[in-house]
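Chemist: Place chain B on chain A using the hints.
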Amino acid sequence: MIQYLLLQGFQMMLVLAVAPLLIGIVRKVKSRLLCRIGPSVFQPYRDLIRLARKDVVVAHNASWLFLVTPYIVFSAIWVAAALVPTYALGLIFSWSADIIVIVGLLALARFFQALAGLDVGTAFGGIGTSREMMIASLAEPAMLMIVFTLSLLAQSTQLSSIAHYMMTVDVGLRVSCGLALLGLVMVAIAENGRIPVDNPATHLELTMVHEAMILEYSGRHLALIELAAALKLTLYLSMLVCVFLPWGMALNGAGTLTLVIGVGVYLSKMAAGGTALALLEVTVAKMRVFRVVDFLNFALMLGLLAALLLFVSRSI
Amino acid sequence: MFLPFVLCLVPFLFAAGLLVTPVASRSWASFALYGVCLGVTCLLLAVGVLGLAAAGEGAPPQLMRLPLGLPGAGVGFRLDSLSAFFLIVVNFAASAASLFAIGYGRHEHAPGRVLPFYPVFLAGMNLVVVANDAYSFLFSWELMSVASWFLVIAHHRERENRRAGYVYLIMAAISTQALLITFGLLSDFGRVLDFEAIRTSPHAVDIARLAVLAAVIGTGAKAGLVPLHVWLPLAHPAAPSHVSGLMSGIMTKVAIYGLVRIVFDLLGPPEWTWGAGILFLGGITAVVGVLYALMQHDLKRLLAYHTVENIGIIAIGLGLALAFRANGFALGAALALTAALFHVLNHSLFKSLLFFGAGAVLTATGERDLERLGGLIRGMPVTAFCFLVGSAAISALPPLNGFVSEWLALQAILISPELPQWILKFLVPMVGAGLALSAALAAACFVKAFGIAFLGRARTVAAERAVETDRTSQAAMLILVAACVLAGLFPGMVVDALAPVVTMLVGSHLPVQSSNPWLTLVASTPERSSYNGLVLMVFIALSALLPALGIYGLASRKLRRAGAWDCGYPETSSATQYTAASFAQPIRRVFASVVFSASEQIDMPLPGDARPARLTLGMKDPVWTVLYRPLVETVNAAAAVVGRARTLSIRQHLSLVYAVLILLLVVLALWQ
Chain A
3 MIQYLLLQGF QMMLVLAVAP LLIGIVRKVK SRLLCRIGPS VFQPYRDLIR LARKDVVVAH
63 NASWLFLVTP YIVFSAIWVA AALVPTYALG LIFSWSADII VIVGLLALAR FFQALAGLDV
123 GTAFGGIGTS REMMIASLAE PAMLMIVFTL SLLAQSTQLS SIAHYMMTVD VGLRVSCGLA
183 LLGLVMVAIA ENGRIPVDNP ATHLELTMVH EAMILEYSGR HLALIELAAA LKLTLYLSML
243 VCVFLPWGMA LNGAGTLTLV IGVGVYLSKM AAGGTALALL EVTVAKMRVF RVVDFLNFAL
303 MLGLLAALLL FVSRSI
Chain B
12 MFLPFVLCLV PFLFAAGLLV TPVASRSWAS FALYGVCLGV TCLLLAVGVL GLAAAGEGAP
72 PQLMRLPLGL PGAGVGFRLD SLSAFFLIVV NFAASAASLF AIGYGRHEHA PGRVLPFYPV
132 FLAGMNLVVV ANDAYSFLFS WELMSVASWF LVIAHHRERE NRRAGYVYLI MAAISTQALL
192 ITFGLLSDFG RVLDFEAIRT SPHAVDIARL AVLAAVIGTG AKAGLVPLHV WLPLAHPAAP
252 SHVSGLMSGI MTKVAIYGLV RIVFDLLGPP EWTWGAGILF LGGITAVVGV LYALMQHDLK
312 RLLAYHTVEN IGIIAIGLGL ALAFRANGFA LGAALALTAA LFHVLNHSLF KSLLFFGAGA
372 VLTATGERDL ERLGGLIRGM PVTAFCFLVG SAAISALPPL NGFVSEWLAL QAILISPELP
432 QWILKFLVPM VGAGLALSAA LAAACFVKAF GIAFLGRART VAAERAVETD RTSQAAMLIL
492 VAACVLAGLF PGMVVDALAP VVTMLVGSHL PVQSSNPWLT LVASTPERSS YNGLVLMVFI
552 ALSALLPALG IYGLASRKLR RAGAWDCGYP ETSSATQYTA ASFAQPIRRV FASVVFSASE
612 QIDMPLPGDA RPARLTLGMK DPVWTVLYRP LVETVNAAAA VVGRARTLSI RQHLSLVYAV
672 LILLLVVLAL WQ
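These protein sequence lines map, in sequence, to chains A and B. The numbering of the first sequence is this note's numbering, which starts it at 3 and goes up by one. The numbering of the second sequence is this note's numbering, which starts it at 12 and goes up by one.
It is worth saying that the hints were derived from the structure and are not from the lab. A couple of the hints might just be wrong.
Claimed, not checked - One-sided excerpt, in silico: chain A residues whose CB lies under 10 Å from chain B:
| id | residue |
| --- | --- |
| 1 | F95 |
| 2 | A125 |
| 3 | M145 |
| 4 | L146 |
All C-beta atoms in this analysis are idealised placements derived from N, C-alpha and C, irrespective of residue type, glycine included.
So here's chain A without its partners, still in its complex pose (with noise of 0.2 Å):
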């Protein structure tokens, strides 16, 4: 029992770990391509501790709900992140929750975040806000659809068990599956505000997204608050990797070594995806805020004909 909740709690400890080194190395790599030196991969966390360690300024309208944002999101995204299998398969927890209520967990903490973002009443966070909104209005569906994608192969909503159908059945080259891959990529991409969809390296731009929500925030909540979204992309990637890659993963009641061995395959597979994404942000530019609307209307139609494919296509 203990020994279960150790893992667990190790689990957790390592996205939280993870998620800042993550962003430095797509960090990185992007300065490279671009021809800068660029920042240690390990500045996020030196951001991180700085911030912290600032006076939190709060603009003197601010209700209750502004101050608890940031734990909430970051708490909730946390959760989530520690919930979708990195190392290992099976793990105590992994029943409490399945794919649609780490879906669910993502939109609470959206939900809040937006709140707060129209709490202090200017006009940058009712921008961020809306519009945050109408992308997710898009991109959610789409995630849901994809999660249909997946549950319907493998008979299955816990990712634990998606995770173990894709390692073991022999899946080959299915249809549906390059279609919610492809899909996921792109929800992915849009969640998270990455190039194309939102640039978070800015927040002075007129498309400017998830930036402009959290303009009031600083100290300890700026802290959580991009503790937060760096644990989503944490998230995501876990997700796709878990998913789409899951070899190397130590299955239920496995031994120290494949543990070990599962968690050497986790960080370079995560090393691996922070690179592609970096490659992917330097290649592409920068949409208008209402053509992410046809990117995400793509991910949908591309998740709705994934489930459409194996409803028609399931024999009786």
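Modeler: Frame of chain A; chain B shown alone:
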């Protein structure tokens, strides 16, 4: 054993309505009346709980016949698990509404138009769910409609409310007419009115299809299925807020009860086409309802449109259950029906809560328009908290109750590839996408509703000076908040309580949840899917605690207040904030340009031109333009033709009567 209690308690409501009429304008009348209603509905709630518990232990349905109504026939009543469940739904929200009204009702400026009808409305809804023959069902249904109509036109001096009352009256008439046809078809043209006899007699395929169609129209017009929803967003907001809560929260559920009773219980084994039809309507209703809601900036109307969306979600569950049952998948039918009934309970809780919140805002500020509110979280912290929980619950966010029913519905969709019919194979994933879309849009809609009304800076003096509502109203809202949270954290208990209802209707039920470790909710098998709201809540609490402790131990705890940052250009006027319309603009551009053919006309004066810039927004409601307007025009044209008969001479009149007589005789002769 419990049924007589229901029939003894309901007359108290009638008596209360009658006795309060002469003294309605006294200051104590509203307190006394709502107190009596609170007591009676609490007792009825207890009867419902006991009845459902007894049904869970296998007690047979209780029947009673009273020598009232039609001569010789009497009226029948029945209390089975379905009735008991709906008694709980109706009376829990009704008692909360009565408690809320003890405080809220004091602000009523025309109590004589509200007080007498309120208990009659409650009595009507209670009688519908225990009625056991066509006569008593329709009588109670009409009682409910008429009483609620009086409540809708309580504030009849506003032109909008009179129009709402007019449209409501027409739609209620259509609803009852359709139900009359349903029962006519089912009762073998009026020969057997008793539900027991209808249940056992066989129905021809075509008759059953027609009966389902009429039942969907009859109950759908009351519940607000698109395209029969047009009256709902007009009528619900017109009534006083606690009554709006009742109409949206439970009268629509009584309509759902009617549909379930007729289609699942009285008609016998279903066909899959019924399921497909209801599923299709449900999918359309869910998406269109929430889109309508997003375009509104009247708080109560927004909530009313959201009721339409939730009715759609319930209809999706019911349609799926019918499709599964027709194909003999008992577990799938049980899952889908559980999802639908769970959502019935959930919606009655959070919609009442939200309407009470809107009522509190209305009393405090005199405003329903979101564009004239703002910053209420400072003046009304308790109301804001309650409205926030209600918003999160209705947006299907874990770990609250709305998420559980949504999760169950999605699980039901995920096992539906087993259904053999091709139409269903295409329809179900589409409906699934619609369900996902409506959930995401609902979250956007409630970010708008809560964010614009309660957050930001006050847009008017009235909003600036708003003070918290009274204690009893707060208590009513907090009770509903607690119910939303508990139903979300312990969903297994609700699912277990629903088991006898589901067993009675589809012959199977979900696995018993109380034996699951850690109170986990399991839809079919633990390998397939499970959800545990409680563990999730504990996890969230713990992981929020950790950074809090870390910050208080290691990092800076200082908090400084200053002016808003706003990228260095803070603007003091509260008019620079985002409004409800500007918040919805991106979504309007994406969706409404298709559905409502929304158009924007921008008139921007050139530099140097002193006239103000203008933005004109055009929107068309497709249901009105495509369906109702042509219908009304046809009716008017027909009436004009018939109207000409009034000016005929007496000779022409007589020959007309004679011709009709001949025609009828010929028809009769051919029929025989």
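Chemist: Can you verify the interface hint for L146(A): is its Cβ closer than 10 Å to any Cβ in chain B?
Modeler: 4 Å, holds
Chemist: Would you check whether F95(A) satisfies its interface hint, that is, whether its CB is within less than 10 Å of any CB in chain B?
Modeler: 7 Å, holds
Chemist: Just to be careful: measuring from the Cβ of A125(A) to every Cβ in chain B, is the smallest value less than 10 Å?
Modeler: With a minimum Cβ separation of about 5 Å from chain B (threshold 10 Å), the hint on A125(A) holds.
Chemist: May I ask you to test the interface hint for M145(A) with respect to chain B, counting a Cβ-Cβ separation under 10 Å as satisfied?
Modeler: 8 Å, holds
The structure shown violates none of the earlier numbered hints.
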